[in-house]
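Peer 1: So the sequences go chain by chain: H and A.
So the first sequence is residues 286 to 1013, counted in the numbering used here.
So the second sequence is residues 2 to 473, counted in the numbering used here.
Honestly, the hints are just simulated from the structure, not real lab data.
Note that the structure is a prediction, hence the values are computed from the model and not measured.
There could be a bad hint or two in this list.
Simulated pairs of lysine-lysine, BS3-like, Cα-Cα distance not exceeding 27 Å [stated by the list, open to error]:
#1 A:K275 <-> H:K940
#2 H:K713 <-> H:K629
#3 H:K631 <-> A:K388
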Amino acid sequence: MRNVRVASMSVLALGAASVLVWASDGAKPFSAAQKTWWAFQKLVKPAAPAVKNTAWVKTPVDAFLLAKMEDRGVKPNPRADKATLIRRAYLVLTGMPPAPEQVQAFLADDSPKAFERVVDELLASPHYGERWARHWLDLARYADSEGFKADETRPNVWRYRDYVIRAFNEDKPYNRFVEEQLAGDELYPKNADALAATGFNRHFPDESNAANIMLRRQELLNDITDTTGAVFMGLTFGCARCHDHKYDPILHKDYYRLQAFFANVKIDDQLSLEEEGRVADYREKERSYLAATAEVRAEIAKLLEPAYQKRYEERLSRFPEEIQAVITMKAEERTPFQWQMFHKAKPQVTFTDAEVAGLLKGDERTRYKELTAELAKFDATKPEPPALAQGMVDAASPAPQTHVLSGGAYNSPKDEVQPGFLTILDEKPAEIAPVANPSSTGRRAALARWLTREDNPLTSRVMANRIWHYQFGRGIAGTPSDFGMMGERPVNKELLDYLAARFVELGWSVKKLNREIMLSSAWQQSAEWREDAGGEDPANKLTWRYPRHRLEGEAIRDSILSVAGALNGKMYGPGVFPALPPGMVTRGGWKVQEDEAEANRRSVYIFVRRNTRYPMLQAFDMPDTHESCARRNITVSPTQALELLNSDVVMGWAKQLSQRVRNDAGLDERGQVERAWKLVYQRPPSEAETASALAFLKKHGDVAGDSEAVFTDFCHALINSNEFVYVN
Amino acid sequence: MSTNCPYPHGTRRTFLSRLGTGLSGIALSSMIAEDALAAARRDPMEPREPHHKPMAKSVIWLFMEGGPSHIDLFDPKPKLNELDGQPMPASFGKPITAMGTAGNTLMGSPRKWKQHGQSGLWVSDWYPNIAEHVDDIAVLRSCWANGLNHVGSVCQMNTGDILAGRPALGAWLTYGLGSANRNLPTFVILTDDKEVLGGPKNWSAGFLPASFQGTQFRNGDSPILHLKSPQGVTAERQRSKLDFLKELNERWNADKQDDSDLDARVASYELAYKMQATAPEAVDLTKETAATKALYGLEDEATSVFGANCLLARRLVERGVRFVELYCGSGSGWDAHANIEANHGKWCKASDKPIAGLLTDLKQRGMLEDTLVVWGGEFGRTPFNEKGNGRDHNPWGFTMWFAGGGVKGGRTVGTTDEIGLRAVDRPAHVHDVHASILHLMGLDHVKLTYLHNGRAERPTIVGGDPVRELWA
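I would like the entire structure built from these sequences, with the hints used as guidance.
Peer 2: As structure tokens, then:
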């Protein structure tokens, strides 16, 4: 009673316009700082400010930046030269540099639309989706394996990766992209893309043989809650798992209100991506296969029955009694929570024939082999199963209750909560409406719809900032997944608000926002340091120059493949396994493809095994996939140097580059040097550079032997150099 | 600055200017100081001042992977032998175990126990050589941890959490202290059998910069991936190529002096080149005398593999490596669910002489004073039987021991209950163990922080208290 009275008084005191800003359980108001925190304020598109140097302003983006520069008396940098500009555009949008011919065409194009044309071409390139999907995969903590001890392969999870690549290439509106990933199964249950998209919540590391599955379920829900909060809202929800967030207005119960949207999810690794006709056809063929093999399968089943029973009982006995009861009880007796336990436990007490057959001995073993040989004769009539994706769907039963957990411990439940949003934004429980998939609760759809409301203050700001971050190497707010009080405040809040509002105006189009950013004077500035500007703003918070930054490992590898002419441009499909360096071992398997060309696919297609990330990418700060990563580390280490300098694979690419250059340029060494420079750096060498290169080629012959080795080393040095691995 | 990116392009000034965000009443000072330092320090491996005067300079962690049985090695339980074959009395509290064995009967220890040294510490006949060093050893009998299974528990023993993703203790140490020898990694992992369960997650830098992660040494003369030049490339050829690369870089860097990462990249190639020469020497055991090799059991097949790793650990520590983690039975060797006699018999034999040799060798070289040696698994084993002659996982009470690096030997700290199931007196959680090791290395586990996802993360998460009885 007392709480209610205090709350209603507060509404009176603050007036009708105030949002609901009271924590109903503790009757504790959010602090003034929390209530006025920028990220929670209504998004209003600001008008572009007036500036003096109007000639510099190509787009409103420039006005917002220039206004702040003029306040501080800082002038922006001049435009970068055209070669630098086209190289930057290629690296940012596709993750690989342009070919010399593309540079040449751009240099020759004097039209004021020349750069715009390049940008449009690149946005239309399939390589754009591959590049930008990689950013999103970092956020989604994407991996092709489970993690933990066994680190088993998730055989069809790559469908999600392909979905993301397609989504960026098709420029799927971001609001739809969010909906599909959180609730594709509820909102668009017949749409294959939307089903594959639910893989987003499937990327938690998991332990297939966990003994304490009550704890495991809680850990998975925590992972999903934290990731959702970070990726879509830019908030560190995890801090509210045990208590009210120490700094941000996220209450302890808000953590579980958000978690409640996911309380009924279960893994579904058999999501069919095919049209109904194709599936019906498959079912038909499967029926006739099953009919033809009924006899032999029945005998196998009979033979294996005792072994099955043994394995089953042995495994069952390892579970605590309450879980054993859940597994063995009648379906209609299970409570919703017990259904959740059942779904998580069932795979552990389910075995394949092959797993069980190991227990057979003597005659039975012989008979089993005969029978499987007999069964194999029907293999030709066994239909190819339809394409499957791995994702998350609702369990068919009602959702189990969600409680606030004391100290975050699964076995210390406190008050029950209903699905709901941040109390500071909307105190009421969320309204859950029926969805297209009638067996689903509609909870996640409600969350997705709330997130993608045009007036949600967080969603568009968070994504617009991410896009800026990937364009410039750093966000307007420097912590793209933490818009809270411990994150970095935006250096130009008006600009961020403008971009966020513009993003929504453009129909949540990532491509269109990318385009607008790249057509600004700000984006096209040179990266050069100027003492006058740098003295005033050494950290370049004003963006008076384009921030030079190192490429990610994937882009370095792809760029080398590209300049060496070795890239296999094949898109999509299961992850590929390039050979590991000699001496490296891995649990869970790393089966190198027989087709060597597969090793030269783009890095985004390299299989991501959680416990064995591809070493070249790992050395260059690829995130570890155990949690969402919004901003990669950029470290410099001798391990990276050893990788690029001593790996036989990189040396092989250097050799291919060397052959390419010598084929293109003929025997003239000067011509060779120039061709190499244009392939690797997208510019001709200066006279001094040519002289130094020629001197090296001459001198290096004394220690490297034949001319092929000499030139390979020359090319190898170029692809190791700073100029090659930096976006300038 | 939180998520990642410890060395952003900003300067120290950028960081300090962030202080004006209107936060009030938060104990931010130490955190900001740490992170501002990290930011100002462009070279992540630069040596750093500890928080207080360290007692140890290096750690050698002998990790008995799979879980050695404390009640058959360092923690004798006469009462358990009395109750042999009987169900566990309810008063001890039935736990959830990995294999559901808590209803099984108790199993006494068939070992012969003796008191050793002047201190009279108890060690079973499985560790006769180590027993001779008890006066240098402090036995912590009351350890406990949270995980039930190997991956989670090995992960927690290394990173503090049963869920993967946090930095390993060795990474925290490297972050806190920097490197003492730039030509070698600061945090090295050695294995003797299969892959460690959970693999590289256990020596990951987590959310700390990648430079702080552990390096797993491979066997042979090329312990680090890509340490050798590509096939057929001589040292002169490598040098000549590197000189040209340096020329390319320096020319390009010349008008970009504002960006020290560019120079750092040049330096990293020089370091890599030096490492190519230094690391093979560090792992070359051929220069050791026959007596030294014999001391570590290198002549005996049963002890040669782990013995070589112990000897290698000494060589690395001698050269300034701060944290060497040696797995004995890597890939869960000690996991004696059945036939503990054969299982522990094998691994005790494999580790007894090498560890005793290591202690002897460190002592005679005067290195034990500032080298902390840690022994333990990810958990201990249950007093009730599994499959009649094995033991299940026991994270509720188990033993670790410590020697050198300021530790006072010849003492036991803490106790388990009468059957060795649970820690009773002075329970020491994994976080307490980590806090202790950091303390001996001169670092305060509460002050060693890194801002990540809006939280000042520390090695001990929200717990940890040094077990001062080990040295005070």
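Peer 1: Hints the structure violates: just list their numbers, smallest first.
Peer 2: 2
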